[in-house]
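Number of protein chains: 2
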Amino acid sequence: MNTQDKLRNPHLSEKIVTDQIAASWIKDGMTLGLSGFTRAGDAKAVPTALVERAKAEPMKVNVFTGASLGSDIDKKMAEVDLVNKRLPFQVDKTMRNKINTGQMWFIDQHLSHTAEALRQEVFGEIDFAIIEAIAITEDNRIIPTTSVGNSAAFVNHAKEVIVEINTAQPAALEGMHDIYELGEQGSRVPIPLTDSSDRIGETGIAVDPDKIRGIVFTNQEDSPSTVTPPDDDTEKIANHLIAFLEKENDEGRLPKTLAPLQSGIGTVANAVFSGLKNSRFTDLEVYSEVLQDSVFDLLDAGKVKMASGCSITLSEDKMNDVFPRLDDYKDRLVLRAQELSNHPEVIRRLGLISINTAVEADIYGNVNSTHVQGTKMMNGIGGSGDFARNARLGIFVTKSIAKNGDISSIVPFVSHVDHTEHDVDVLITEHGLADLRGLAPKERAKEIITNCADPLYKEQLLSYFDRAVEQVGGHTPHLLQEAFAWYKNFDEHGTMRERELVMN
Amino acid sequence: MNTQDKLRNPHLSEKIVTDQIAASWIKDGMTLGLSGFTRAGDAKAVPTALVERAKAEPMKVNVFTGASLGSDIDKKMAEVDLVNKRLPFQVDKTMRNKINTGQMWFIDQHLSHTAEALRQEVFGEIDFAIIEAIAITEDNRIIPTTSVGNSAAFVNHAKEVIVEINTAQPAALEGMHDIYELGEQGSRVPIPLTDSSDRIGETGIAVDPDKIRGIVFTNQEDSPSTVTPPDDDTEKIANHLIAFLEKENDEGRLPKTLAPLQSGIGTVANAVFSGLKNSRFTDLEVYSEVLQDSVFDLLDAGKVKMASGCSITLSEDKMNDVFPRLDDYKDRLVLRAQELSNHPEVIRRLGLISINTAVEADIYGNVNSTHVQGTKMMNGIGGSGDFARNARLGIFVTKSIAKNGDISSIVPFVSHVDHTEHDVDVLITEHGLADLRGLAPKERAKEIITNCADPLYKEQLLSYFDRAVEQVGGHTPHLLQEAFAWYKNFDEHGTMRERELVMN
Chain A
0 MNTQDKLRNP HLSEKIVTDQ IAASWIKDGM TLGLSGFTRA GDAKAVPTAL VERAKAEPMK
60 VNVFTGASLG SDIDKKMAEV DLVNKRLPFQ VDKTMRNKIN TGQMWFIDQH LSHTAEALRQ
120 EVFGEIDFAI IEAIAITEDN RIIPTTSVGN SAAFVNHAKE VIVEINTAQP AALEGMHDIY
180 ELGEQGSRVP IPLTDSSDRI GETGIAVDPD KIRGIVFTNQ EDSPSTVTPP DDDTEKIANH
240 LIAFLEKEND EGRLPKTLAP LQSGIGTVAN AVFSGLKNSR FTDLEVYSEV LQDSVFDLLD
300 AGKVKMASGC SITLSEDKMN DVFPRLDDYK DRLVLRAQEL SNHPEVIRRL GLISINTAVE
360 ADIYGNVNST HVQGTKMMNG IGGSGDFARN ARLGIFVTKS IAKNGDISSI VPFVSHVDHT
420 EHDVDVLITE HGLADLRGLA PKERAKEIIT NCADPLYKEQ LLSYFDRAVE QVGGHTPHLL
480 QEAFAWYKNF DEHGTMRERE LVMN
Chain B
0 MNTQDKLRNP HLSEKIVTDQ IAASWIKDGM TLGLSGFTRA GDAKAVPTAL VERAKAEPMK
60 VNVFTGASLG SDIDKKMAEV DLVNKRLPFQ VDKTMRNKIN TGQMWFIDQH LSHTAEALRQ
120 EVFGEIDFAI IEAIAITEDN RIIPTTSVGN SAAFVNHAKE VIVEINTAQP AALEGMHDIY
180 ELGEQGSRVP IPLTDSSDRI GETGIAVDPD KIRGIVFTNQ EDSPSTVTPP DDDTEKIANH
240 LIAFLEKEND EGRLPKTLAP LQSGIGTVAN AVFSGLKNSR FTDLEVYSEV LQDSVFDLLD
300 AGKVKMASGC SITLSEDKMN DVFPRLDDYK DRLVLRAQEL SNHPEVIRRL GLISINTAVE
360 ADIYGNVNST HVQGTKMMNG IGGSGDFARN ARLGIFVTKS IAKNGDISSI VPFVSHVDHT
420 EHDVDVLITE HGLADLRGLA PKERAKEIIT NCADPLYKEQ LLSYFDRAVE QVGGHTPHLL
480 QEAFAWYKNF DEHGTMRERE LVMN
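Chains as they are written, first to last, in numbering that gives the first Met the number 0: chain A, 0 to 503; chain B, 0 to 503.
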């Protein structure tokens with residue numbers, strides 16, 4: 000292999016080491032900042048070597064990332080109890096179990112907030128930033144791979160940096176990144192980004208070469224995403240959403256080009272984007288976190304003219320399709336740090352249309368994005384709060400029921416609140432859409448129960464609401480002693496349905 | 000009276016009418032946008048005349064404002080059932096009662112969001128903007144009085160405008176306002192404000208003179224604020240906060256000049272600002288909504304060098320003291336629209352230290368700012384969400400108990416969530432301070448119970464927490480069936496205290 004292409008400052012080649020050697024530098028109690036955002040661009044070799052080491056030599060480190068990792072790294076770390084504290088987001092099942100059984104700490108953070116917390120030294124210093132890269136330039140800039148995440152922040156705030164040059168990542172990614180340092184609060188200038196296509200920074204992360212402790216060469220693709228095809232319900236949700244956007248367009252509140260779109264990951268988002276393909280809307284823009292398969296479909300179809308994200312996370316087929324011709328997208332793709340992709344300043348300025356998934360929503364429009372039955376962490380809030388609060392339209396989607404109807408996703412009082420009634424503009428299930436803008440709580444309850452709840456639960460919800468209005472009243476009527484009874488019913492009888500509902 | 004000073008475009012004097020005539024133009028079903036923010040700069044004459052008219056001729060209108068009104072206008076409107084829908088904030092007791100008994104609608108909105116909703120035409124058009132002013136300039140700019148609030152947005156989005164020239168307001172206010180129009184989302188430039196002292200707009204609200212339907216002359220002072228002097232507990236809260244800021248300064252996370260300060264209104268805020276007077280901190284800046292008495296004390300003492308706000312709301316004594324010498328403050332005061340004083344872009348850029356009051360907080364750091372017992376609206380969320388989410392430090396303060404100890408302000412699960420666990424950095428009661436930054440939920444619970452809860456409730460909270468960890472576990476352990484039992488206890492036995500706690 001020709002390392003000169005990859006390490007263009009010739010002095011850096013002296014720093015090449017094996018992953019085992021790099022991992023050996025890490026000490027018990029240290030804090031690591033790893034590249035990686037939604038399975039894309041994660042540091043793979045050194046964390047894996049560290050896991051191997053920890054099998055023989057138990058140790059604990061704090062692990063900070065952009066978002067979720069691929070390559071089963073979170074799983075492997077959890078299996079050997081390597082992690083003391085993890086933030087700001089993860090999706091692995093084994094690690095989730097460790098979090099929920101109290102065997103490790105997890106901080107569930109707005110994805111735009113981690114870099115600010117690092118600047119403010121809330122967590123102290125990062126001992127090692129471990130960053131996957133395409134190359135390091137002659138002027139000492141680390142070129143990230145398929146994600147930017149918090150990598151720039153980790154490099155800036157780390158005592159030492161380990162770079163993983165991954166030769167399996169497409170070299171054509173170089174030039175697609177836009178790395179911009181906001182600077183300290185109080186001495187910042189406005190972020191000069193007024194269009195999703197704007198490039199405001201550099202193509203790599205500047206690093207003091209003396210801070211680079213080691214460079215590891217690897218050759219391992221990102222874990223592909225596993226895209227579930229749309230089912231009937233997700234298609235219905237997508238159709239409700241597109242009909243709503245058409246109505247907004249008809250009534251003059253949105254142009255045919257809509258507004259830059261953000262969507263969480265997963266099957267609903269994919270269904271919505273598929274739906275847009277055959278819609279009246281043209282020259283769309285995406286300003287989001289994760290660029291999934293469907294974004295590339297729309298780029299290919301000429302529907303989307305520009306996509307800005309924080310990572311490219313694709314299925315295996317799509318990787319094989321897109322990566323060889325990545326150059327074709329060069330003028331239409333930008334990859335930014337998550338504090339830029341998710342920055343309130345930019346989100347509000349551009350006026351995004353933001354689509355995220357709820358675990359459950361209540362009759363007043365509060366949304367739970369994170370906790371099962373109010374206690375068990377699912378994945379984390381991710382960027383949903385950054386977007387929903389500041390977007391032009393904060394839209395949440397969920398199927399109305401789960402577990403074959405034994406769980407209603409519309410409940411009297413959500414068991415955990417991640418997005419308050421103040422931040423939820425539109426709620427959609429397969430049954431319909433509730434436009435909550437400009438409505439008071441009791442007006443919202445009627446919209447949500449009527450349009451979004453499953454028929455199995457409509458009567459029960461109405462009964463709760465009517466009795467709350469009647470017996471307690473107030474601006475936001477609740478029967479607090481009954482508000483959470485549905486969860487008890489599910490625990491004890493396996494269903495949230497009526498029979499056992501009313502507590503004594 | 001010489002109207003030429005006040006109406007400098009001579010054609011405007013033809014539009015002078017009485018308040019009764021102006022009120023007669025308002026029709027049942029209309030939407031009004033009134034100036035006024037926290038008792039300051041409210042339109043006084045026309046709303047009062049409308050109330051008089053409604054006594055004989057029942058009618059309903061929607062009333063949008065900046066925030067709360069003075070001069071008992073909300074009270075008077077509520078008494079005659081004039082209001083169909085009110086937003087985004089109010090504090091009057093009579094109106095609160097109408098809201099909570101379902102006799103009128105109230106939308107509780109982030110104060111920075113109202114202007115965006117108007118731009119997006121969520122509520123349709125405003126029929127009349129009714130704006131208190133010092134004068135209208137020769138180039139047709141309305142000079143606001145003691146607040147800016149949403150006045151510019153109302154003028155921009157109203158079909159017609161009624162101006163109340165209030166000759167009782169200090170003429171020296173002219174020149175202190177900074178009116179900046181953000182423009183439509185998607186075609187906006189960055190807000191060019193990088194320092195609390197920056198002036199980025201004009202000193203008045205541009206208006207098409209043809210849109211001015213009438214001008215009413217009035218002579219009535221703002222309602223003075225009623226400042227409760229600090230008591231033992233508020234002083235303790237202030238001392239904990241200042242000790243914390245000193246520690247942050249000692250550890251290098253904050254400079255001696257701190258960061259621009261925002262504080263909600265009321266006695267704790269005043270106590271904190273009084274405490275700062277004798278602190279080590281110098282050259283302070285205020286970037287807040289309401290500028291209260293204590294801000295002027297600090298300006299006079301030379302501790303605060305610059306104050307930016309959305310309104311000047313003073314006690315009677317302070318009005319008498321400050322208003323005659325208002326010119327002395329001219330270089331140190333700016334009054335902005337609430338979407339600027341509360342804008343996420345500016346708050347995050349400047350890195351504010353934000354201090355707001357909680358009604359109650361739970362052991363995991365969720366905060367209720369609005370609802371008593373989860374159902375009855377108190378005042379509204381105001382700007383607390385704009386600030387807490389985006390500030391460098393989102394600090395919430397509350398006394399640990401209410402009703403002589405029969406209510407604990409620290410509870411297992413707040414009965415309404417306005418600020419989620421993701422947004423609360425620091426919680427303070429008279430007993431102490433919990434620094435929640437970088438902590439996972441179970442770590443937070445220990446900090447909050449140990450440092451903030453009243454001794455009367457510590458054991459009970461610990462018992463709830465320990466049993467939740469033991470019996471249910473998870474990332475955020477809760478006993479959902481018991482979570483709200485404290486409210487039931489209070490309802491049935493007049494106290495949240497132990498004896499009756501555990502439900503069967």
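Worth double-checking, as some hints may not be accurate.
The list makes no distinction among identical chains, and a pair is therefore deemed to hold if it is satisfied within one copy or across any two copies.
[To be verified] Capping the alpha-carbon separation at 30 angstroms, the derived lysine-lysine pairs in BS3-like fashion look like this:
{"id": "1", "residue 1": "K317", "residue 2": "K302"}
{"id": "2", "residue 1": "K375", "residue 2": "K158"}
{"id": "3", "residue 1": "K441", "residue 2": "K235"}
{"id": "4", "residue 1": "K375", "residue 2": "K487"}
{"id": "5", "residue 1": "K158", "residue 2": "K59"}
{"id": "6", "residue 1": "K317", "residue 2": "K54"}
{"id": "7", "residue 1": "K59", "residue 2": "K487"}
{"id": "8", "residue 1": "K375", "residue 2": "K255"}
{"id": "9", "residue 1": "K14", "residue 2": "K246"}
{"id": "10", "residue 1": "K302", "residue 2": "K74"}
{"id": "11", "residue 1": "K14", "residue 2": "K276"}
{"id": "12", "residue 1": "K402", "residue 2": "K302"}
No lab work stands behind these hints: they were computed from the structure.
Can you list which hints this structure breaks, lowest number first? Violated: hints 2, 6, 7, 8, 9, 10, 11, 12.
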